[in-house]
Amino acid sequence: MALRDLDLTDASVQQTAALADAVKKLFAARVPTLAVLDDECRVVGILSERDVLRAVFPGYLSEIRHSAFLTDDAAALEELAQRARDQPVSEFMRESEVLETSDSQIHAAERLMHSGDDALPVVEKERFVGMLSVAGLCHARLDRLQS
Amino acid sequence: MELVAIAIFVVALAALALDWAHRTKIALGGAAAMVLVGAIDQEQAVEAIDWPTLGLLAGMMVIVALTEPTGFFTYVALKATQISRGQPVALVLLLSLMTGVLSAFLDNLTSILLVVPITLLIADILRIPPIPLVLIQVLASNIGGTATLIGDPPNILIGSHRPELSFMDFIVNLAPVAIFTLLVASGLLALVYRSRLRPAPERAAQIAALDPARDMRSATKVKRTLAVLAGTIIAFFLHAPLHLEPAVVALVGATVMLFVAADDVEDALSRVEWSTLLFFMGLFVMVGALVEQGVIADIAENLAELTGDSSVAEGMVVLWGSALGSALVDNIPFTTAMLPVVDSIQGEEFDDGLWWALALGACFGGNATMIAAAANVAATGILERTGYRVSFLQFLVVGLPITILSLLIATAYLLLFQL
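Protein sequence lines, in the order shown, are assigned to chains A and B.
Converting from the first sequence to the working numbering requires adding 678 to each position, the first position being numbered 1.
Converting from the second sequence to the working numbering requires adding 806 to each position, the first position being numbered 1.
Certain hints may be false.
Stated by the list, open to error - One side only, chain A facing chain B, incomplete, derived with CB under 7 Å:
{"hint": "1", "residue": "Phe735"}
{"hint": "2", "residue": "Ala746"}
{"hint": "3", "residue": "Phe747"}
{"hint": "4", "residue": "Ala813"}
Said to hold, decoys possible - Chain A is faced by these chain B residues, among others (derived, beta-carbon under 7 Å):
{"hint": "5", "residue": "Leu927"}
{"hint": "6", "residue": "Asp930"}
{"hint": "7", "residue": "Leu1016"}
{"hint": "8", "residue": "Asp1017"}
{"hint": "9", "residue": "Arg1020"}
{"hint": "10", "residue": "Ser1024"}
{"hint": "11", "residue": "Leu1075"}
{"hint": "12", "residue": "Glu1154"}
{"hint": "13", "residue": "Gly1187"}
Don't read these hints as lab results, they were simulated from the structure.
Backbone N, C-alpha and C fix where the C-beta goes; we use that ideal spot for every residue, glycine too.
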């Protein structure tokens, strides 16, 4: 039962794409993370919902632990969003490990437990095939049982 | 062998100054090299480690880590900003005094990690540039930390090395000059930066409208945690009459804090920065090897020849020499190496003036360059992570004049009252 037998999600974005387009894809996709690809469909990184959160809100938020007293400054937030919107995805992506289509499901489960991301890119011969999410993997296990 | 030991130490210092690898790797690598080449034997290496310093640091790390979630520090910073009512001079003075006082009682590195993120938030709301504000706080933390035994790593090293110097001795001999220097330096910086740090009136109004207490949710737990913090600080003042070492005070305080504030002990202890403690251990072993090989005695002898028998000359050499050394290689390794040097210079008769000269030189020298003190590295690190890069030169332009100014004040103080 290798990963190639699973229904992987085609959720990816080019590294030169604008952040706004990536967020649109994230919103529509069934996974919380996109694979970031180069021209030849190789995975150069990932972009998760959390990466986008950090891009669209002030950088210092990740350094503070208390913020209940803060109120929204509409103008400042809009300025920040304006600035982030057209920047290329490569500015915000992170390096990521990849899974192979020949990997076992149990190996994928272990990597998902330890990587800190809820979805990882799956590749075959260095080319992107699809994203494997926690929900995708678990759904496949439980679905088999029902059928 | 003496030359081999010197070579290992110099390479390690250069590696630290040039940031070739993580500082803990460098210190442990240097210590391992000293033991492997036989510059110090294994038993002596273990004896060279100053356990009270490590205990004091570890204890304070736990205490501060468990106090931080109360939101108390955020509350204080926001209150200070509100009191300034958007007046840049008042804002700079209040934020730097707050940082200075926190540094004196929590240590400057921890204080910087606590206040810089809040300062970024305040600068964002006020729409003023954050870099000058953060740099002023870094300078204030190094000056404020000079005031107490626990305020700055060089003082922790000195206080643990010479148990005859109590917490009160540090306060009596260093706090007045530290407070005076802090006021002069912050006043000067406030005047220099006042036009750049002036917020629009509506931004100041926005800060005034915030409710800083909103994040301090569980009032009883907050009170209990702050009571333990206050109790620990009071115990520091009383450690000499109580016949307790500062390290014991910190570790007992940390233990009480674990009972009062830690829901998860594993999580609380994970906040101890083991890499920092191992960095200190590596330095102690390296310096222990230099002592064993007679290097330190040679340096002390040369210094003694240079200064003759004059305690004034000795004090001045220690003050300005430690400042220069700290500026170039970081005041923690430099002070560690200076401890046995000052032991030798003073000879049989204990002379506290030389130790105050070392404390003032190393702590104030910590302001000269970006790498001179751990707090500087931490602050510029946070700035960089949040999108504000500070260059070496940019730091030097602010740090060096303030360092020279504070060393002149320290010189006058030592000449008038200590030497």
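Hints broken by the structure, by number, lowest first?
1, 4, 10, 11, 12, 13
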